[in-house]
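Undergrad: Sequence:
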Amino acid sequence: LLQPDYRLHVSVYLRDTLVREVTTSSPEGCHITPCPLEKHYLTPGSPEIIPLPVDSLPAQRRVGVVDA
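First residue of the sequence shown: 1, per full-length UniProt numbering; consecutive thereafter.
Each hint should be verified, as a subset may be incorrect.
Stated by the list, open to error - Ranges between beta-carbon positions, derived for each pair:
hint, residue 1, residue 2, range
1, Gly45, Thr17, 12 to 22 Å
2, Ser46, Asp5, 15 to 25 Å
3, Thr23, Ser46, 10 to 20 Å
4, Thr33, Leu1, 33 to 43 Å
5, Leu2, Pro34, 34 to 44 Å
6, Pro34, Leu1, 23 to 33 Å
These aren't lab readings, by the way, just hints derived from the structure by calculation.
Cβ atoms here follow ideal geometry from the backbone N, Cα and C, with glycine treated the same way.
Between the sequences and the hints, there should be enough to build the whole structure, so can you do that?
TA: Have a look at this one:
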């Protein structure tokens, strides 16, 4: 019996520079969001959070990003 393979490889580029590369295995998919690496939270049964490093974003894109 074959087991489902939910792996998804995600590569995020900003102006031709790789800023994040991960492989997720959540059957619900993933949510890519700018947040500090130590501040991402997982809710059971929800898509996996793929945090973007806030310092990789241009200053104008950081407006509204909460550093809680």
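Undergrad: Taking the CB of Thr23 and the CB of Ser46, does the distance hold inside 10 to 20 Å?
TA: Since the Cβ atoms of Thr23 and Ser46 sit about 18 Å apart, the hinted range of 10 to 20 Å holds.
Undergrad: Go ahead and decide if the range 34 to 44 Å is satisfied by the Cβ distance of Leu2 to Pro34.
TA: holds (37 Å)
Undergrad: Could you say whether the range 23 to 33 Å given as a hint is met by the Cβ separation of Pro34 and Leu1?
TA: violated (40 Å)
Undergrad: Just tell me: holds or violated, for the beta carbon distance of Thr33 and Leu1 against 33 to 43 Å?
TA: holds (36 Å)
Undergrad: For the hint 15 to 25 Å, verify it against the beta carbon of Ser46 and that of Asp5.
TA: holds (20 Å)
Undergrad: Does 12 to 22 Å hold as the CB distance between Gly45 and Thr17, or does it fail?
TA: violated (34 Å)
In summary, the numbered hints that this structure violates are 1 and 6.
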